[in-house]
Amino acid sequence: MNDRQNDLKHHTLSVTVENKAGVLARVVNLFSRRAYNIYSLAVAPTDDERFSRLTVVVDVESVPLEQIVKQLHKLINVVKIVEHDPRHSVERELLIATVKVAVSDRHQVAELTRIFEGRILAVSHDALTVSLEGHPAKIDDFEDLLRPFGIAELQRTGRVALNKLERETPRVHAVSSAKSKVS
Amino acid sequence: MQLNGGQALIKALEMEGVEVIFGLPGGAILPVYDPIIDSPIRHILVRHEQGAGHMAEGYAHATGKPGVAMVTSGPGATNIVTPLADAYMDSVPMICITGQVGTASIGTDAFQEADITGITQSVTKHNYLVTRAADIPRVIREAFHIATTGRPGPVLVDIPKDIVDPTHPNSAMEWYWPTDAEVIAGLPGYRPTTVGHPRKIKEAAAMILAAERPVLYVGGGILKARAAEALRELAELVEIPVVTTLMARGAFPDDHPLCLGMPGMHGNYTAIMSMQESDLLIALGSRFDDRVTGKVPDFAPLAKIIHVDIDPAELGKVRRPDVPIVGDCNLVILELIKVIKAMQAKGTTQPDITPWRSTLSGWQETYPLAYEPPAEGDLLKPQMVLEALRDSAPEDCIVASGVGQHQMWTSQYWKFRHPYTWINSGGLGTMGFSVPAAIGAKVGRPDRMVWAIDGDGCFQMTAQELVTAAAERIPVKIAILNNAYLGMVRQWQEMFYEERYSEVYLSPDLPDYVKWAEAMGCVAFRVEHPDDIQPTIDKANAIDDRPVVIEFRTDASEKVFPMVASGKSNTEVQVPEFQRLAAKTAAASEKEPRQ
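If you read the protein sequences in the order shown, they are chains C and L. At position 5 of the first sequence (counting the first as 1) the number is 5 in our numbering, and the numbers step up by one without a gap. At position 260 of the second sequence (counting the first as 1) the number is 260 in our numbering, and the numbers step up by one without a gap.
Don't read these hints as lab results, they were simulated from the structure. We put the CB at the ideal spot given by N, CA and C, even for glycine.
Chain L residues, not near chain C, derived (Cβ > 12 Å throughout): (1) 169; (2) 210; (3) 565.
No farther apart than 27 Å at their CA atoms in a straight line, the calculated lysine-lysine pairs in the BS3-like style are these: (4) L/200 / C/70; (5) L/295 / C/70; (6) L/317 / C/70; (7) C/80 / L/200; (8) L/317 / C/80; (9) L/304 / C/70; (10) C/74 / L/200; (11) C/74 / L/317; (12) L/11 / C/20; (13) L/202 / L/304; (14) L/202 / C/70; (15) C/9 / L/317.
From just these sequences and the hints, can you work out the full model?
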């Protein structure tokens with residue numbers, strides 16, 4: 001419930017920047033200077049090597065968000081900003097965790113990982129390293145369920161996002177109009 | 001053509017039309033100083049790097065061309081951070097070139113190394129660390145393009161020594177000069193919007209023609225957009241009164257019947273109240289600064305807002321506009337005029353705004369700017385000094401000021417009739433701004449008389465630049481209003497800290513301003529008696545071959561009024577006590593006959 005409320009305040013911005021030295025520092029500095037809070041941040045070059053994409057999750061109401069976007073646009077190296085509406089975007093995050101677990105309980109963690117369609121990356125006498133890729137909410141759930149076993153180390157990537165592909169023509173509408181013709 | 005990086009840098013500045021560089025050399029920038037000897041560009045050697053920065057700003061304010069400052073790495077660069085922040089706040093086009101340690105030494109805490117691009121990230125519009133000599137022409141072109149287009153601002157270019165040092169192989173480069181198209185293509189993230197949205201302009205025009213109590217709220221953006229003429233045409237077309245913010249003084253003539261003067265914390269009563277009572281504020285190149293709005297929720301509560309600015313981030317930053325227009329003020333105003341004229345031609349008429357105009361003139365009559373003249377034997381009133389300076393100067397005289405009481409009095413009492421005659425530090429409020437800014441202005445406009453109005457506190461911060469002025473024969477004139485205090489701080493302590501004067505006393509005699517000015521190569525006068533004001537100003541105005549300083553001994557108890565206390569609503573504006581009492585008596589006597 002809390003997570004869902006948080007999600008309303010979370011906005012995911014996809015910021016395309018020129019792939020030049022110091023650009024990440026400029027973006028991060030702007031957030032700090034204008035007192036905006038970054039919730040998560042993921043950066044990597046895009047398919048076009050001249051540009052990198054930053055996926056920034058910010059923690060604000062909608063009005064300051066408009067300011068954030070406008071201030072980001074003022075950075076000379078920022079080329080494009082897209083806000084991802086959670087309803088119209090695919091969002092993914094990766095988690096890697098090492099769980100301390102005795103041999104006798106190992107199957108429980110393995111089972112959990114299987115249920116979540118995660119992977120086991122490494123096994124030792126008293127620990128397992130697992131990974132899970134998925135929607136951030138799913139990752140949250142997995143993390144919660146792993147915790148009781150004893151997490152030795154955990155790292156999440158921060159989310160990345162792309163717009164959902166456009167659906168085909170709205171079929172429901174077409175069907176209903178066909179129906180009205182028949183009747 | 002084979003050049004070394006240093007030659008390429010100077011050649012690039014020449015190609016950009018730079019006529020003067022304000023600077024001070026040092027180890028890392030040395031190789032760039034060598035080709036200056038062979039360049040037609042004038043170099044003015046300052047005594048402190050902060051002076052170079054403010055001179056570049058003063059030059060830019062006065063001429064509209066970007067000011068150029070050049071300093072060395074480390075302390076040279078950090079000394080110019082304040083002018084950069086100042087230029088950023090006031091949108092002044094400026095190029096700052098800093099030396100840097102060699103590329104191989106960056107990050108090693110080398111001698112005089114400072115991460116100046118990191119340090120200045122939040123006080124520049126953009127900055128560059130150039131790592132290859134071949135990039136120099138492109139970066140310089142981009143820097144000028146960025147500094148002068150869109151919302152103007154400072155751009156810093158950091159140049160490591162090895163790429164400009166002819167003895168180093170890294171400095172070798174083949175000269176080229178990028179075309180405009182190449183510059184634009186090289187900046188894919190920089191596309192300022194200059195043309196306003198036609199539909200929004202139509203909406204704005206309709207709103208303007210329907211308003212009953214409209215006010216044009218004009219900011220520094222009008223000057224940056226060179227839009228003073230268009231503004232005047234618009235104001236006269238629809239007969240709407242104009243307030244000019246601290247940054248916009250001179251953008252609309254003070255002697256124009258539609259001019260209400262400066263609004264804000266120390267604005268005049270009519271300008272402040274016109275906005276509070278207005279039903280439509282047409283904000284042009286202004287940014288709803290806290291010094292203008294007072295307490296934001298109480299600011300202009302009845303007004304709809306049309307907000308025109310070239311920086312989209314200003315629209316809705318403080319107050320949500322009803323009609324936001326992103327664009328260059330000059331282009332937008334010209335479009336607005338066209339649309340309004342077309343609507344008028346089709347028969348759209350304005351409501352009668354004479355009741356509004358008469359409300360405003362009523363306020364002007366009751367609450368003019370006023371001060372009590374000094375009693376016999378008292379120190380000078382700063383306002384009377386300013387009136388005398390104003391009335392003795394030619395009307396195109398350029399006035400620069402520092403920051404504090406003297407700045408507010410100058411803005412209030414000077415009558416600005418032309419754009420680009422007022423130069424001050426509005427946003428950052430940088431004490432010590434006036435002397436170097438006046439020097440920069442005089443270099444840019446040698447044909448004009450340039451007065452710096454300074455306080456004694458401000459003067460002590462940057463006075464050393466008068467040595468520069470004397471050495472370079474730049475005949476600026478400085479008026480020090482010496483009240484022996486950090487006057488504005490004293491005023492706040494008197495009004496809000498129960499007259500507990502903490503660390504504001506400076507002494508009238510230490511330093512001896514006349515001796516100091518003379519030691520710096522200036523002609524200097526001291527004025528203590530009202531009768532000496534005019535003759536001394538006349539003497540100063542007659543000197544045109546060296547800098548002049550006049551020290552006026554002024555009354556420390558004089559406060560700047562009107563005043564809206566910090567964080568208070570503009571409706572709580574305080575006028576001077578004697579004026580408040582007079583208005584009260586007048587109101588009472590008006591009622592009497594009815595009894």
